[in-house]
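Use the sequences and the hints to build the structure in full.
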Amino acid sequence: MRDAFARVLEKEMEQNERIVLITGDLGFGVLRRIHERFPDRLINAGIAEQSMVSMAAGLASTGRTVLVYSIGNFPVLRPLEQIRNDCVYHNADVKIVCVGGGFVYGSLGMSHHATEDMAIMRAIPGITCYTPGDPAETEVVTRDMLWRKGTCFLRLGRGNEPAVHDGPVKGWTFPKAITLRGGKDIAILSAGGILTQAMDAAERLAAKGISAQVVSFPCLKPLDTETITEQLSAFRKIITVEEHTVIGGFGSAVCELAAETGTGCRVKRIGLEDCFTTVVGDRQYLREVYGMDGKAIAEKAEAFLKE
Amino acid sequence: MESYEALVHSGFEGKPDVRDPKTLAWLIRRNGLEMTHISRGSHIGSVLSVAEIIAVLYSSVLNVDPKEPKKPDRDRLILSKGHAGSAVYAALAETGFFPVEQLKTHYANGSILSGHVSHKGVPGVEVSTGALGHGLGIGVGMALGAKMDGARWRTYVVLGDGECDEGSVWEAILQAAQYRLDRLIAVVDYNHMQSLTTVEDTLKLEPFEQKWKDFGWNAESVNGHDTDALLAAFGRAKENAGSRKPYVILAHTVKGKGISFMENNILWHYRTPQGEEYDAALKELEAQRP
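Top to bottom, those sequences are chains A and B.
The numbers in our numbering rise by one with no breaks, and the one at position 221 of the first sequence is 221.
Take any residue in the second sequence, note its place counting from 1, add 1000, and you have its number in our numbering.
Derived from the structure by calculation, the hints contain no laboratory data.
Incorrect hints may appear among the rest.
As the list claims (entries may be wrong) - Estimated spans, in silico, between C-beta atoms of each pair: (1) A/K237 to B/T1202: 52 to 62 Å; (2) A/K237 to B/D1149: 51 to 61 Å; (3) A/G46 to B/T1198: 26 to 36 Å.
Said to hold, decoys possible - Partial list, computed: chain B residues near chain A (C-beta under 10 Å): (4) G1011; (5) I1138; (6) G1139; (7) A1151; (8) W1170; (9) E1171.
For each residue, glycine too, the CB sits at the ideal point set by N, CA and C.
Now the structure itself:
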């Protein structure tokens, strides 16, 4: 995802000289080509995220599209007030780009696990939040973001992530969900890089004769409520998955809609139960420990269907 | 009933000369008193301390045009200490950005003039503030954008001294020096008081001028109530362009300046002037009319 983002950005910067990238002293490898090609438009703000985001708002006021790049919680939690007041309230054309949504930096410890960012960013009025599920989705949402005016949040995974889509995503329109697999017994709704696990779960369920639909939501806010509303009528049970706390994020958004729609469809949220991560391990290991790998999702879906 | 404008302008023959810094400073105090009186609002002490700084900027320093508030080559002013918003509102209204009459709606239900300065619907306000420690960073971004465009307009940021407790201010101080923003001018309303007590008893800033210099800025200290001294300082700050260093003016002020019982009295950070106190304050201001 990270590399797909950098590729699209480089191309767009080539065509639009008003795009500027500010990094919080991170992304050396990823941004190297951009640094080489557009040295005047890559600014290192130092390890100073709060002022970095204020600066981005000020820079955007001079008619620029300003990306702020950092990892994990650093571009989100630390400068949250600057995002809210300086960027979103002023409708500043600032794009907060976070590499490392969820457990990407697994072994580095809880400081580096971004597991509340979706809930917090989603609560800010008027912001656009992208949660692409794989590199192909990253390409289309990055392009969309760079053309969309106003403050956006892009939650990426890492580099070298497996592709879920067979090729480029064609004909995507903002903020639509993307159905990756048809199914009739249960729907698995996924936001972000956990999509690989949702697909794996569907595969496992198929082996047991359970037909699961898998839908990716590359846009968390605004949410494709039309698709969800259709699913709430079409299915009796829906599962949401996110590499994130189950509180306030994607699953919560679906539940809000389910409660208000009142079709009787039940929703089960899969994600990090209200806790901090305390064990050490890589991304996939942590998904297993906290019950959101493909196997766990399949087991939970099966049990849920029996309820 | 007498209009608000007639009330605050009473005693002037014709329209007050807002190009005169002393007159504009007096009008900021007069409006600040009236606005906090009508609204039962707070922060009169900060408005009184920053009055000359804002008056000198709007009367004599800033290249801004009330007829074209968004003209591209305008100077940008950010009031980072947003709680002194009524000083900026008063200066903008008195210099023609919006009707003086509108100042009476400060704090009121349905008004656009919030207690902390807001840009929404208010001509001439660049940035909404209120949370401290944001303005200098935004100013760094603006000045950086101007520099990238080769533009000649300047960015002015007015900070409070208490605000300099915020780490984000020091982040921005480092960044401004790093990017050599010599058209960025910071002014600190150094009134030595913050919300609960003095700056010295909270988080000491001294040696303050030296700190800015050590961080790569050109810095000077002036009497922040002496309009001539401020004018001269802003002149030097303008000439600073080309030095490859940002410029800061530490304006030594008195919180509550101009109203004896409010001066250096922490009570008047939040207290609203009512009853006898309002009358006494008005009487003192009348005696200082330029």
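Each hint, compared with the structure:
1. A/K237 to B/T1202: 52 to 62 Å: Holds, at about 57 Å.
2. A/K237 to B/D1149: 51 to 61 Å: Given about 56 Å between the Cβ atoms, the range holds.
3. A/G46 to B/T1198: 26 to 36 Å: Since the Cβ atoms of A/G46 and B/T1198 sit about 32 Å apart, the hinted range of 26 to 36 Å holds.
4. G1011: Violated: closest Cβ of chain A sits about 39 Å from B/G1011, beyond 10 Å.
5. I1138: The hint holds - B/I1138 has a Cβ within 10 Å of chain A, the shortest such distance being about 4 Å.
6. G1139: holds, 6 Å
7. A1151: Holds. Min distance 8 Å.
8. W1170: Result: holds, 9 Å to nearest chain A Cβ.
9. E1171: holds, 4 Å
The earlier numbered hint that this structure contradicts is number 4, and it is the only one.
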